[in-house]
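From first to last, the protein sequence lines are chains A and B.
Number 259 marks the last residue of the first sequence (UniProt numbering); no jumps.
Number 259 marks the last residue of the second sequence (UniProt numbering); no jumps.
Worth flagging that the hints you see were computed from the coordinates, not collected in a lab.
Computed from a prediction, not measured in an experiment: that's the story for all the values here.
Each hint should be verified, as a subset may be incorrect.
For identical chains, the list gives no copy identity; a pair is met inside one copy or between any two copies.
Claimed, not checked - Under the rule of at most 27 angstroms between Cα atoms (straight-line distance), these lysine-lysine pairs were calculated in the BS3-like manner:
no.	residue 1	residue 2
1	127	186
2	57	126
3	152	245
4	135	2
5	30	245
6	152	210
7	127	30
Number of protein chains: 2
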Amino acid sequence: MKQQLTVIKIGGNIIDNPTELTQFLSDFSKIEGYKVLVHGGGKSATKMAQSVGLTPKMVDGRRITDAPMLDIAVMIYAGQINKNVVAELQANGTNAVGFTGADGNLILSEKRNHPTIDYGFVGDVKKINTPLLQKLIELDITPVFCAITHDKNGQLLNTNADTIASELAIGLSEVFEVTLNYCFEKPGVLYDAEDDSSVIAQIDSPLYAKLKDEGAIHSGMIPKLDNCFNSLSKGVQKIKIGHHKMLKNADAVCTTIQL
Amino acid sequence: MKQQLTVIKIGGNIIDNPTELTQFLSDFSKIEGYKVLVHGGGKSATKMAQSVGLTPKMVDGRRITDAPMLDIAVMIYAGQINKNVVAELQANGTNAVGFTGADGNLILSEKRNHPTIDYGFVGDVKKINTPLLQKLIELDITPVFCAITHDKNGQLLNTNADTIASELAIGLSEVFEVTLNYCFEKPGVLYDAEDDSSVIAQIDSPLYAKLKDEGAIHSGMIPKLDNCFNSLSKGVQKIKIGHHKMLKNADAVCTTIQL
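Take the sequences, apply the hints, and build the full model.
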């Protein structure tokens with residue numbers, strides 16, 4: 001029987017709030033069994049870019065990553081955020097190791113080749129190095145991934161953190177029974193974005209299609225849920241979306257996704 | 001019989017020169033057997049500090065690391081430099097993984113407590129996690145260390161890269177037969193600092209004492225050689241100091257240190 005493994009993705013709302021981050025990392029350390037953390041970037045890359053005179057460009061909610069912006073992303077995501085998270089997890093007794101996709105060739109990507117938009121140094125995940133990742137996890141290492149990958153030709157690439165979480169969950173589901181948790185600022189997927197009490201407890205494929213038709217689910221939530229259904233169809237056992245307090249309280253409101 | 005392992009430390013002169021770095025990483029990839037890379041910082045941390053309005057402070061050739069300066073060091077050393085080196089080694093077919101001392105608790109330090117100088121967030125190495133490092137190396141991972149460690153209480157610490165190289169070499173000599181190589185801009189330890197042809201081929205303890213008395217060895221070279229003799233007395237097999245071309249050419253001039 002496969003062993004349980006939990007992949008948890010946290011976003012900028014936790015990264016940008018030191019008190020929230022400390023609480024989360026303490027809760028994360030108490031989760032039993034194998035686990036993997038994936039973190040987004042938060043606002044510090046944008047702040048750092050501004051302080052050195054760069055103007056971040058966005059298209060369709062995605063950062064256009066030119067060479068100077070990639071440099072900042074690598075510094076902030078792989079350096080500042082990743083290593084401080086690792087140090088704090090170590091203080092909590094979790095044997096964390098921080099990774100980009102370049103480390104151990106754990107996440108191989110290819111530079112996005114879009115017909116009309118030049119995204120710059122943005123990578124789409126091609127392959128997870130499941131055999132090495134499994135060995136590291138079985139050494140009781142807790143991998144902490146930032147949203148930087150590589151192309152195996154020496155180029156680092158900025159990559160969507162939600163996608164990294166789902167691709168890692170898919171890759172690891174070959175050898176573990178994987179639960180994927182997306183933690184964000186809301187208590188779950190909301191029927192009415194303005195009403196935090198409108199959490200949808202369960203979403204399956206037919207309901208997802210209906211909610212998109214009704215316009216209840218739109219913009220940033222669509223790629224997130226597309227990732228979820230993709231992950232479930234490729235072997236991930238269970239996906240939960242909600243506030244990170246769902247991790248320590250099994251009764252907390254959240255959204256569970258199933259096929 | 002113990003297996004061979006080579007620890008190589010490179011300094012700012014290689015890090016700051018992209019052509020030199022690319023050549024070095026190609027040569028490094030061709031070294032046979034287990035190996036560990038340790039890299040210094042170069043000038044980019046100072047440049048970045050300046051571009052965000054910080055003024056680096058130095059005492060006795062050591063950077064005083066206040067909190068904003070530590071932040072920059074973590075970004076540049078553990079982020080920018082470390083991850084680009086890892087990506088380039090991957091392109092060369094070396095399965096590199098980048099580490100700070102916080103990752104896997106591989107290098108535990110304590111914040112320096114100096115009677116008269118407040119060095120800030122500077123760490124002195126206390127303990128190498130040899131068992132985990134050995135397991136990683138035996139997975140055919142090539143560790144790439146930057147000069148950042150931690151105190152296991154959540155605090156990252158700036159640490160001298162030469163010391164990290166020597167402490168890693170000492171720790172690993174428990175389980176491997178370790179050669180330690182310090183690569184810098186000169187062909188070796190020079191009798192006359194102005195004359196690159198005055199390389200001292202071999203230095204042992206009595207000669208080292210004599211050279212210090214004569215004033216031929218002074219300033220930055222003293223802590224480097226102190227580290228060497230400390231490493232040799234604690235189990236490291238052999239130490240070489242010289243230009244990185246000594247790595248691919250066994251006949252190249254360099255200085256060998258022995259007890």
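Each hint tested on the structure:
1. 127 / 186: neither (31 angstroms within a copy, 42 angstroms between copies)
2. 57 / 126: within (25 angstroms within a copy, 45 angstroms between copies)
3. 152 / 245: For residue 152 and residue 245, the Cα distance is within 27 angstroms only across copies (25 angstroms; inside one copy 37 angstroms).
4. 135 / 2: both (14 angstroms within a copy, 23 angstroms between copies)
5. 30 / 245: within (12 angstroms within a copy, 49 angstroms between copies)
6. 152 / 210: neither (41 angstroms within a copy, 50 angstroms between copies)
7. 127 / 30: This pair counts as between: shortest inter-copy Cα distance 26 angstroms, intra-copy 30 angstroms.
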